[in-house]
Structures are given as C-alpha cells and as structure tokens.
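In order, the protein sequence lines correspond to chains V and H. Residues 1 to 264 (the numbering used here) make up the first sequence, in order. Residues 1001 to 1295 (the numbering used here) make up the second sequence, in order.
Misleading hints may appear alongside valid ones.
Below, a list of computed lysine-lysine pairs in the DSS-like style, where the Cα atoms sit at most 30 Å apart [what the hints assert, rightly or not]:
1) V/K7 with H/K1196
2) H/K1008 with V/K182
3) V/K163 with H/K1055
4) V/K182 with H/K1004
5) V/K7 with H/K1008
6) H/K1004 with V/K90
7) V/K94 with H/K1196
These are calculated hints, taken from the structure and not from any lab test.
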Amino acid sequence: MKSNIIKSIIVFLGLFFLYFPILVLIFYSFNENKRVMVWKGFSLRWYNELFKNEQIIEAFIISIKIAALSATFATILGVMIGYSLVRISKIPFKSLYIFLSSTPLVLPELILGLSMLLFFISLNNLVGIPSSRGQLTIFISHVTFCIAFVAIIIQARLTDFNKNIEEAAMDLGYNYSEVLYKITLPIILPSIIAGWLLAFTISLDDLVVASFTTGPGANTLPIVVFSKVRLGLSPEVNALSAILMLALLIIGIIYFYFNKKFKH
Amino acid sequence: MKNKFFEKYFVFTPYFWLVLFFFIPLAIIFKISISVSEWGMPPYQDIFLFDNGFKINTTFENYIYIFSDFYYIGSFINSLILALTSTFFCLLIGFPLAFYIATSNIRLRNILLVLVVIPFWSSFLLRVYAWKIILQNNGILNVILINLGITSEPLQLLYNQYAVIMGIVYTYLPLMILPLYGYLNKFNLNLIEASKDLGLNRFRTFFKVIFPLSIPGIIAGSLLVFIPVVGEFIIPEMLGGSDRLYYGKILWEEFFVNRNWPGASALAFTGIIILVLPIIIFQIIYSRWSEKNEI
C-alpha cells in the first residue's frame, strides 16, 4: 500500500515535469500583452498576427514540403535496410552497413550538418552540382539521417513476426515478389506508416542540419523561429508553438496507434 | 533466380545512398581537416597538387592548433562534463519512472508509456523555448519562489550552466526512459517477490536483482543521451550564458564566424574520434536489438 502511494507520486511528478513547460507555453500564447511575461488578459491577438506573418507562413510551407518528401524517401530506403538486416543473410561488409545505417541515430547533428555542407561544396567544385544550396540539399541531408529511424522500426517489426508465414506462402507457390507484396508488405504496413510519421516529424523539427545545408530562399520554419527566439521571447512564436505542439501531439498519437496495432 | 535480383536491389539501393551522402561526407571532413588553410574560397588548399609533378599537400597543423589552445580543449571538457551530468540526471529521473511504468498493469502501462513519449514528438526547439519562458526573471518559477518566501528578489535562473542542464534533461528524458522500459519490461516481476521472500530488504533487492538486470537498458539509454549531448548546440545557445563554452558553440563559430574550415573540420573529426567508442558500444547494442527485438 505504501509503495503504491510512492509509485503514484513518482509517476505524477514525472508526468508533471514533462507536461508543465508545454502547458506554460500554451497558456502564455493567449496573453494580450506584447511583453510576453506580463499578463494583460486573454486574447487571440497573436494567433491573428501569426496568420498575417508571411515569413512564417512561407517557412511553414517549405518545411512541410521538405518533410513530406524526405520522409517518403527515407521510408523507402529505411524499409529496404530493415528488410535487408533481418531477412537477407549475405550483405557485403555487413558491419559497414550497420555502421552507416545506425550511426546517424546518435551522431551529433552539428557534425552531420558540417559534413553535408562540406560535401555539397566539394561536389559543386568538382562537377558543378548542386549549383546552389537550398531546398534540395536540405532534402538530401534529411533523408540521410531519417533513414536510420525508419530502419530501426521496420527491423523491430520484421523480427517480431514469424518467418514461417513467408516460407509457407513460398511453399504454396508464391514467388519471391508475390510474397513480398502480398504477405510481408501488408504485415509491416503499420510500421511503415509509423516510420514515415517519425521521419516527417524529425525533418520538420530539424534546425541544425538545415542551418548548415540551407541556401537562398530555403528558410525552414525552425530556422525562422530560432532567429526570432535566440535572444529573446516572441509572442507570435508562442502562438505558433501552441498550434504546432497540438498538431505534433496528434501525429504522435497516430504514430502510437500504428506502431502498436499489430504488436502482441 | 529472381530473388537474387530483389535482394541485391534491397541491399544496394540504401547502401549506395548512405555511402554517397553519409560516408563520403565524413571522409571529406577528414580530408579538409588535414588541408592547409588559406584565404580564399574555399579557404583551404587541395591536398593533391599536380603543378610541379605530384605532391601531397597535407598538414596536421589544424589539430596542433586545436590541442595547443585551452579554449578548444576546455570546451571539449565542458561538453563531456555537461553530457555526463545530464545523462546522470536523466537516469536519476528516468529509472524510477521506467520502473514504475514497467511494473504497472498492462492497460495503465500502455497509457503511461504513450504519455511519456508524446512530448518527445512536439518540437524540440519549442520545448527548449518553453524553459526560456519559465526561467525568466519575471517568469513563473521566480514568481512561485517569491510567493513561497524562499527568495525576496528574483533569481537569475536563465543564461547559466544549470539552465542548460535543466533544458537537456527535459528534452532528452524520453530517450532514456524508452530503452530502460524496454529492458525492465522483459524481466520477470516474480524475481522481485522471490528476492523479498528470501529475506532481502528493498535496498538489497534493488542492488542485487533489479539494477544488474537493467544494466543493458541503462547503457543503451545513457548512450542515446550522452552521444548527441556532447555536440548539442541549440540548448546552450538558448538557455546558456557566457559562463561556459561548449564544443558545439565553438565548432559553429569556428565555421560560420571565423570561416576557418580546416579548423572546424579538425574539431568535428576530433569529436568523432572522442565519440567512436561510445558509438561502437551503441552499435553492438543496436544489432542485438535487431536480433532479440528488445526494444
């Protein structure tokens, strides 16, 4: 009984710690006052201002575009890696394969961003492309570091379900591609959707790698937000935060729905 | 032999992408870090010169430059200390949470797990920004402290190393809880009962039973926090002050402000070398995940 109370208190404090800052942010987004910290009254003024701010709206559209595209590419490549690591025994230089597909999970973004930028500059000196940096170079960098996140989800799902199902289908006369499209793919589909959502959020959220690989006309949302809040507070960013937090929380819940659905 | 074609296609498409866009860029960092710097664009000389016959034009000066200046070494040390401290606090808060979630009944467990991970989905940058609001001089924390009579003047909570640790622990906590939960979830709760039946008190049950069994989870979670925090740039930039300089900031300024590309590359490559051992341990755990499906 006593341990149950301690347990509830610890869990409650932990959750309070995780959610309190988010609630504070949402609360202050309704503050009428231009000085963020001084409460003047409830108002939707800054939401109104936010939707009139062309710089933020434009950055938002660019970010969504890059995130959707890079999530799609990262998902295709990540599924291939997850499949290879679990189902294909002969991979040349397998430890290199594992290194390349898992290191981006933990490598500091700063090192990743610098390496991508220097790579694009060297490539430009060598063959003339990419002629300038911008949305394309951000897209390529985001695909590169999102692949690992998709791969680990797919890998977990593939090890989870029994290989015998595939072999049974093979015995029943399905050929390799039929098994892949009619058996394997439908089974891992929820994980593919989960992986796509994760990659999408990571790309949407990335500031450091995007700052390195951006160029003229490619200011993503985090870059714009960071320039606004680096030195102070901004009431418009508060309003934006509240909207983004809620949107991303919903994506998070959808992610859990898909990632858990077919688990035991 | 149609499946051979499929297998090759599946292995080599991502292989090609990752070698081209991940491995080669890392190699280029190394290449530029041993190049001779000069004024111009790009601000370094080629490492292969062909004008008077073939000559290799490399130098270790960039590394010597970094290691002879305490400004750089000091920032490395600051970052390592920061990463260790933050990892420790993440573990301190994350372990009891993960443990109690793992020992809850199954319905509650899933709800709690989702609740813990959901904040991780909301924007990283904005979650750091939220702490900037909380820790302001006239922010909510200072108001509470003054009303409780703990302090009469607002405390300077922002722009110092403690605010940085706070921000890091907050944003990286889910990364610690998840792998910990993954391991704690696997082991049999009867073991705890058994150890109590055998007369071990709570304290000894923890250190002799629970703790040893969760070591793999502790290592995995700690590395997921430690490695990226060493290179963390945004949090010290938003919440930190001038009391401590960190590796990420130095690297950023060396590249963007000083325009010393070989120097920045040498810094980045040194960072990779320092993190190689933790990354290798991480990879061993990672490939076990895939074999045993422990996450």
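Status of the hints after comparison with the structure:
no., hint, in the structure
1, V/K7 with H/K1196, "18 Å, holds"
2, H/K1008 with V/K182, "20 Å, holds"
3, V/K163 with H/K1055, "56 Å, violated"
4, V/K182 with H/K1004, "19 Å, holds"
5, V/K7 with H/K1008, "51 Å, violated"
6, H/K1004 with V/K90, "10 Å, holds"
7, V/K94 with H/K1196, "45 Å, violated"
Going through the hint list in order, the structure does not satisfy hints 3, 5, 7.
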